[in-house]
Each structure stands twice: as C-alpha cells, then as structure tokens.
Amino acid sequence: MSDNFIEIRDLSFTYGQRMVLKGINLTAHRGQVIAIMGNSGCGKTTLLRLMGGALKPSSGNLLVDGIDMGLLDQDGLYQLRRRMGMLFQFGALFTDMSVFENVAFQLREHTDLPEEMIRDLVFMKLNAVGLRGAHDLMPSELSGGMARRVALARSIALDPMLILYDEPFAGLDPISLGVTGNLIRRLTDTLGMTSIVVTHDVQESLKMVDYVYFVSEGVIEAQGTPAEIKASHLPYVHQFVHGEENGPVPFHYPASSYAEDLGLPA
Amino acid sequence: MQRATIDLWVGIFVVAGIVAILFLALKVGNLGGYDSSETYAVKASFDNIGGLKARAPVKSAGVVVGRVAEIGFDPKTYEATVTLSLNTHYPFPKDTSASIMTSGLLGEQYIALDAGGSEKMLANGDALKITQGAVVLENLIGQFLYNKSDSAAEKGNAAE
Amino acid sequence: MMDTLLESVRGIGRRTVDRVWRMGVAAHFFLLVLLHSGTSFRRFHLIVREIFTAGVLSLIIILVSGLFVGMVLGLQGYETLQTYGSEEALGVLVSLSLVRELGPVVAALLFASRAGSAITAEIGLMKATEQIAAMEMMAVDPIARVIAPRFWGAVISMPLLAALFSAMGVLGGYLVGVVLIGVDEGSFWSQMQAAVDFKEDILNGVIKSVVFGIAVTIIALFEGYDAPPTAEGVSRATTRTVVTSSLAILGLDFVLTAFMFRGV
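Protein chains in written order, with the numbering used here: chain V, 1 to 266; chain E, 1 to 160; chain P, 1 to 264.
Simulated pairs of lysine to aspartate or glutamate, EDC-like, Cα-Cα distance not exceeding 16 Å:
1. V:Lys-56 - P:Glu-136
2. V:Lys-56 - V:Asp-73
3. E:Lys-43 - E:Asp-114
4. E:Lys-53 - P:Glu-200
5. E:Lys-76 - E:Asp-47
6. E:Lys-43 - E:Asp-74
7. P:Lys-199 - P:Glu-101
8. E:Lys-27 - P:Asp-197
9. E:Lys-129 - E:Asp-47
10. P:Lys-199 - E:Glu-70
11. E:Lys-27 - P:Glu-185
12. E:Lys-43 - E:Asp-95
13. V:Lys-56 - V:Asp-68
14. V:Lys-22 - V:Glu-221
15. E:Lys-53 - P:Asp-197
16. E:Lys-129 - E:Glu-79
17. E:Lys-94 - E:Glu-119
18. E:Lys-120 - E:Asp-95
Keep in mind that the hints were calculated from the coordinates and are not lab data.
Using the sequences plus the hints, can you model the full thing?
So, in structure tokens, the structure goes:
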C-alpha cells in the first residue's frame, strides 16, 4: 500500500457553468498535517467537501486510502466516512444534546458498545481536548473555542484515519487559537492520522503544518513546506503571507473607470 | 430534560389522548349503550321506507329497543328489506307489527314495533309479517288534491 | 406590448413549473421518510422524545382552545336552537360540530402553528449551523435519525390532540349549556349519544386528524429541510409552513368531508 493517504490527480469541479476547481494535484501522507490556504472564495472549501464525499468531482480522480471517491455509492461512502472525521467551521455541535451526548453520538449510532465502555471512551476523548469537566454542559453554554474542542473530540470518537478541518481558527481569540492549533498537531501525531486543514490563518497554521498548498482561482498556485512558503517570492504567496493590500489579488473589485462613475469629463 | 421525565409526560399524554377517544366513543357516541353481542336480528319488508336510515332507532311504546342494522332492496318483490337488531332483553311475539314513523313534524324516522298477542316469541332470523311503510308527503298531498278535485267535480255536476 | 404579454405568460408558466417541481421534490422527500422509518421504530425512544416536543408541549394550547371553542359553541348554539324550541339538541350540535369538523381542523391548525413552525425552525437551524451536514459526515443518515422520528412523533400526537380538543370542547359545551344555562342534562347526553355514531362520526374524525397530521408534519419537515441556511431563509420557511399547512388542512378537509359524509 502506498504511503499516500490522499491522492488527487487532475481533479476538476464545475458548479453549474462555473469552473470552481481546475486540474488540482495534491497528495497527503499518513501522519501529516496539510494546510490548504487561499483567499475567500478560491475553492478551498469545495476541495474539502470533495474529500469528504459531499460533492463528486466532475473529472479526475480523488483517492482516499486507495478508494476512488468518485465511484462510491451511498453505502460505500458511509462506510468510508466512519473512518473520517470532519470539524466544521463553528463546530456544528448538536444543540439539543449535552457535550457528553455529542461526543457519544457516533459510538451510539455505529457501535453496540455497553454503556460503561461508551462512558469511558467519551471521557478519554474529552480528556484529550481538556474538557472532561464540561461533559454536563449544553453547547449553548460553551465559548467558541470550547465548542470547537468538543467538536474535535466528537470527530475523533471513532479514531478516524483522516480528519478534515474547515476553518478551525475562524473567530477564535489568540489563546484558543494556539490551543486548537496545538491540539490538531498533537492528535495527528498521537493517533497517527492524516489532517487536512482549510484555513486562511497563515501565521498559526505555518507553525504546525507539514506542507502547504496555496489555492487561487481554482488552481494550486504554490506549494511547499512552511519554511519554503515563508521564503517564497511568488507575488501571490508573498501578498498572502504578509497580508498586503495590493498585489496579484487587487483591493478593487473589477470596475469601470473611477472618473467615469463620478461623471467627470475624461 | 431527563429521559425519565420525558417518558412520564409522554405516558400521561398518550393515556389522556386514549381516554379522550374512549370518552368520545362511549359518552358522546353510541358505542356505550349498544352491544352487538346481545342482539337478535329480525327482518321486515316495507313497500316504502321513506327517509329511514341505517342505525335509526327501533322503538316500542317510545322506548328504544334496538336499531336498524341494514337496509336492502328485494328485486323480486320490489320491496325494501330492513334488518332490525333488537336487544335480547326485549323479546317480542311472532305477530308483532312494524311501522315507520317520524319523530316530530320534521324529525328523523324510526321504526315503531307494536306487540301482538301470539304465544310464540320472535327468534333470530325471523321475519315480521305485518308492516306499515312510511307515509310519503307527496302521496298525501296528491291524495288530498285528488279528493279536492273530485269533490269540486261533483260540485260542478251538482250545479249543472 | 406583445413582449410584456409574452413575458407575463412566461412568468405564469415558470411559476407553475416551479410549484409542480417543488411538489414532486416534497413527494420524493415523503417517500424517503417512509423508507427510512425503520431505524426510528427500532429505537423507539427517539420517537418518544418527539412525541414530547410535538404533542406534550402543544397540550396547553389544545386543551384551553378546545374548552373555549366548546363554550362558544354552547352559547351560540343555544341562542340559535332556542328560536326553534329545540334546546335539547344542543348536545348534538356541539358534539357533531366538534367530532366531525372543529376537533380535527382547529386542532390541526393550532398544531401547525405551534409544533409545525417549531419543527421547521429547528430543522432549518440545524441545517444553517451545519448540524445536518455534520451528521452526514459522521455516516449517519439525517433523514433516518432526525426527520423520521419527528415525522412519526407528530403523526402519533395529532389524533390524540384532536381527540383531547373534541373532548374538552364537549365538556365546554356541557359547562355552558347544562351547568350555566340549564339545558336538561339527560336530554343533552342522550340526544348526543343517539346522534353521534362511532364509525360514521368519531372514527372519521380520527382519520381526518391522522391525514392532517401527516400533511402538516411533512410540510413542516420539508420546508425546514429545504430552507436556505440563513436567518432569513429559516424565518421565511417557518412562515411558509404555517401558511401552506393551514391551506392544506382546509383543502384536505373539504375533500375528506366530501368523501366521508356525502349524503349518508
């Protein structure tokens, strides 16, 4: 078996008339944390949804653990998803269940484990994210960072091989941000799984990932290790990493001449 | 909320709902005073049943003693065959007569039983021999008009 | 001139096609719910939970409204019947109106605005906060886990609520007619029992409420599941649930009444 847990070859995706992704090539090894970065609307979330099987590629191949996602039927997809976890942008915790029940959800749905064992497993997962003491709380009583950590505990409940993170750092204060980043790294290392992080938080993710893909306008603009990315002189990467206002991504939305809009004589 | 509390409330709700249906069936509806296991069926033929409906009451001396179970049509005799189910507590003689009456001026129609003098009692499946159909208002008016015109004609004849 | 005419005709056509297409999608959704109901019956506590949210939480409004509707019927019925000198028929009037029509219809209308809107808002929010997507990613079918239990919980609750509404209404009519106004108690009940048939009236009323329950719940679930995942989308869907299901209840009521009570 190859070491490439995820392998994407010449993948394209069209949504209606619009080509969202064109000719993407991407690989992720076991035990790696991969970041997919890019400005808003560049297609990186679409890429993540393709990996999760929520969308089917229009052309090209997407292999997860050697299985072609494009060819799976509903049952096959659900079978594969049991070995996948996904962390949604704001956690997507079930609001009508307590923290404990949220983490126990998959164990109850997919296994026939006795109650004591479920209890032990849930406490183990909650302990891993440091929230064992919060098992009684309802999602509405949690802060944004805590909700994200509970969701992380929930997505590792069945010890998945792959976790997909959709903007895990969005809307977090600096402390929670650091905590979440470290957790992703630590869980990936201890559980030996593969993590794909979609984010636009450059500084935090460059600290913890193994490899970075930059997506812009549906193509991979640049890739490399964090050190390579930091040293990169590609205009797009440079603009992105340093957060400059002007560069290949313009500040102004394409418009007609300013003077014309103001009604000034040319 | 705890599952035990939810279970309790749902239990109360379901029991209350079933009690409500039973209340409707027994207290509001006619299921209470009507027990099909304790009835016997008697047939009666009428030349005209008027507006009689299935489940109409069967009364004797004004007391409800049963109900109309079924209304059919006999293509041989061109008569209506009405099956009555009578309460077993009320046995009637063989020569009992049945007639279709109206309660009040515009009320619903019912079957009135008039007990005869026979020694033998009606059994399940027996037929009533003496019947009196419904009075049809149109016939009554027709008769009335006919009599009128007759008498008018007689008067005319007398005048000539 | 010709263009605007053509455009408006085209508009009608487009709207018609949209509506029919949406109804098709809703029918497909209904079928999916039925097909995925197995899980919820194997794990009945999921349904019990939904009977609680749909049924028990609607109890107060149903009981109070039933009582008041019955009391109003008693009052108005007495006024009208009195003119014809047949006050004893008050029981018949109250019970038949409730059991045949008002019980199933008004209870379903209240249910649509109390439980139906809540179902739509809940499902819509679950979708907006990606809970539905999260469930799919955890290889749990949301139709089987979220939609089907809510469907059966509400469908089981509806006839019970309608029966409670009718029973409370009869009690309300009794309170006003017999206790307050002084209609003869014996003839109130006996005329009622003579006129109300179990199969013809009560059972048909129960059948009506089951049909209404299915219609309201499927509309509420579908609107929620189909709502755009935004605050505006969910609030619009909630309004649409109440409007559509109220119209559906009244329309279905006419059709069912035409079949059930035609000339008998």
